[in-house]
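**Q** Please take these sequences and the hints and turn them into a complete structure.
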Amino acid sequence: MTATEERPVAEIGNPRRRKEDARLITGRTRWTDNVVLPGMLHLAMVRSPFAHARVTGVDTESARAASGVVTVLTGADLADEQGGLPFAWTATPEQVQPDHPSIAVDTVNFAGEIVAVVVARSAAEACDAADLVDVDYEELPAALDLKAAAADEVLAHPGLGTNVSATFVYDSAEAGHGGEVETAIAAARDDGIVIEREFRQQRLIPSFMEPRSIVVDPTSEQLTVWDSTQVPHFVKIFISLVLGIPEHKIRVIAPDVGGGFGGKLQFTPEEVLTVIAARRTGKPCKYSETRSESLMAAHHGRDQWQKVTLAADRDGNVTGLKVDLLANMGAYLGLVSAGVPILGALMYNGIYKFPAYRLSCTNVFTNLTWTDAYRGAGRPEATFVVERMMDELAAQLGVDPLEVRERNWIKHNEFPFPTVTGLRYDSGNYEAATAKAKELFGYDDLRAEQLKRRESGDPVQLGIGVSTYTEMCGLAPSRWLGSMGYVGGGWEHASIRMLPTGKVEVITGTSPHGQGHETAWSQLVADRLGVAFEDVEVLHGDTQVAGRGLDTYGSRSLAVGGMAVLAAADKVIEKAKPIAAQLLEANADDLDFSGGRFGVRGTESGMTLGELAFAVFQGHKLDGGAERSLDADATLEPDDFSFPHGTHLCAVEVDTETGATTIRSYVSVDDVGIVVNPLIVEGQVHGGIAQGIAQALFEEAVHDETGTLITGSFVDYLVPSSADLPSIETARTETPATTNQLGVKGVGEAGTIASTPAVVNAVIDAVRHLGVSDVPMPCTPYRVWKALQGGAES
Amino acid sequence: MTRITVQVDGSSYTDDVEPRTLLVHYLREQLGKTGTVVGCDTGNCGVCTVHLDGRSVKSCSLFAVQADGHEVTTIEGLATNGQLHPMQQAFHENHALQCGYCTPGMIMQSLDLLADNPNPTEEEIRLGLEGNLCRCTGYQNIVRAVQAAAAGGAQ
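In the order they appear, the protein sequences are chains H and W. The letter at position 153 of the first sequence is residue 153 when you use the working numbering, and the numbering goes up by one with no holes. The letter at position 153 of the second sequence is residue 153 when you use the working numbering, and the numbering goes up by one with no holes.
Read the hints as simulated data drawn from the structure, not as lab findings. No residue lacks a Cβ here, since even glycine has one placed at the ideal position from N, Cα and C.
Derived DEER-like restraints, expressed as beta-carbon distance ranges:
| # | chain 1 | residue 1 | chain 2 | residue 2 | range |
| --- | --- | --- | --- | --- | --- |
| 1 | W | Glu18 | H | Asp639 | 57 to 65 Å |
| 2 | W | Glu18 | H | Glu61 | 22 to 30 Å |
| 3 | W | Tyr13 | H | Arg279 | 31 to 39 Å |
| 4 | W | Pro19 | H | Ala79 | 37 to 45 Å |
| 5 | H | Pro418 | W | Glu29 | 52 to 60 Å |
| 6 | H | Pro141 | W | Asp16 | 49 to 57 Å |
| 7 | W | Glu29 | H | Ser62 | 25 to 33 Å |
| 8 | W | Leu127 | H | Gly595 | 49 to 57 Å |
| 9 | W | Gly54 | H | Gly482 | 56 to 64 Å |
| 10 | W | Pro118 | H | Lys307 | 50 to 58 Å |
| 11 | W | Gly152 | H | Asp570 | 42 to 50 Å |
**A** Structure below.
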């Protein structure tokens, strides 16, 4: 009847093996596609092969007659029922955007857009019949090139009259956080250094391993939805808003979810159409996408042009940074599409004390798959620019890239530091992280080897890449989100239920899909309540259990959701204290809570939280006024962001005859504040770096001249394999955040943000002495080779 | 429909299947072996890897009828009497999984790798697993897990 006897020691910092592994390594997992219900029907989508076309006819007769087909839905059928898909971010008050139907009614605006839905008794029959739907298209000119689209050469949505959705401007002088950037540039042109560059953030595909899947059961009072999503709470609200189903009649469950990386932070046409199909047929319906569909139609990421001007004095002190962005929205605005460049806009100054900064960002529509959040969301783009530019400045000055960084970065004794973008960096120690990274990397020895290879004209050259990054985590103070044009808030919710046997249920509004919250939140609660790690169960991802929450993205879960869990735990202790005092016949002021036990100071008398939970459950001895529950709810509104930082060093070998790049060593020293579980943190760093390396060297979503995705399968879209990636040496420094009670920061995106510029800087460092000052990403052997032949563009 | 008889995780099943049914769909939909999953449609990702007569195969690239008369082992057949297989244990100990979607296939492929080469180098492990994609871990802890399993004699 009582809780496990063993009392925990120091759960914070303990590399606990994960609780969630037990089901994942034995195959006893609950993926959405595993859900099978009696009489369940299956959906198959008919998708447009054209990037921009008028739909002049959809003939469904043969499909309807095919074996097992229950119904076929078209845009004409659903024109009045489907509503419009939502966007949650408005970049400027003047922003324009097209309507976003789930199923095309008269035009298709990207290749992959849904034009018909086949509903059949089996997935195979649905798939067969989808081939029988005959769609007539009249092709329209497509806006495919981002720069041409920004100039309105061809309109993606002629009805809008422009491809420009919004132009967002931040100017440090106007905002009162810095000087005039044009003045700084003019002064540097006169007497100083001005460096101008243009970078391309290629289009990427998040490529979570579990394709998206949704099951909708309409057979009871409440619509039940299983969904492979990062954001079950969002999905519940949006099903209600888009389809008019009352919110309290909807239950959304995100069971085990196989990765997201931002790619499942969305409300999708497929979700809407599966709900409609279930409602129309009265039967449970399932849609599971194929990988080809996923690559084509799940939202993409990045895709920007970045024009940059950096001004510095002769000593290499940066005096201003000016950035002009074109951000490709694709055909529509998704939930936070318009906000992704804004999240980056505030980080182009990186870890540095730039006195003047101006950014202008134009969000542009094209007839391509819509873009939205992908791991880092804006911050990788910003960090790439500033870290590439610091290397360019170092090259111009002829000094070590770490030296020019140190000249400009915020010193550890200068925190809290108000930045030129209006943020307040609360803490950091860039000197310490860099010193540690240099030592682990063997920086000086590698520089010496590099020099030797240059002098000997070795065909394989060594390059050393530096990235000293920071990022903003812990999305986000609700007030800030509102001021930036986001429709939602940034708080998080948690509940703790004290069960009669002393076990503890923790309910979190975060929605993990690989991050290990079941383990980490158990550690937080075991530590705070003094119960055993094994006695804590973390429940999440089901809106009927976790009624309130804002889900998982933006490295927010620990800094916001984890702190909500601690706040709830503190409330449990607060609630238990007077009850303990009553039962122990002591004054509450004489009680100490430690190791899970209320003790009467100076005596042996005491009660464990488990004993109290049972006494409360019985209620026999409690005062009439005492609540018969120790349970507590808490919401946590973050005061401010947290700012992880670190120094990544990468050594590459570039074969100057073939252009092939091999990563020889990679050291990351990250400062993510206080660490709850170092094992999980290290895993996040590994995976994050892998995705950043992938952008630097491998991945790119490529379309042909008609707008067809030609990297439409894993044959062509190069998610790196084990053979493509190096082992990484990771280490940490620990500067606690001051913006939350535990001093944690966030780690989900750090590796991805840091590593792309580290790798590209290394590639360029290897061949700079051969006349190369840039290579567009991904730095494939062909592109490096071509740059060595004197033509960087490709 | 074609009648097949297959041993799966130690039990014998006789079923009628459509000739075009893929082995992975037979395992998942007819036998309820949902530990084995589908991740792509081109044979690249490897999440559906199982053993056929003790050797790894991508079960999306075989028809169910090709398994007729053969023995299939899935991730669900590895643990015995509630005891994890040493490779499963090694993945757990070394934090070799995050979302876990690739994990069943990765474990089955890792076993195949050690069957061929009980003491692989890091490079041999990386090459041996290149047909199995993972998006979460960067593979580093997967490599560690396979090294640990090899050191412990797991096969």
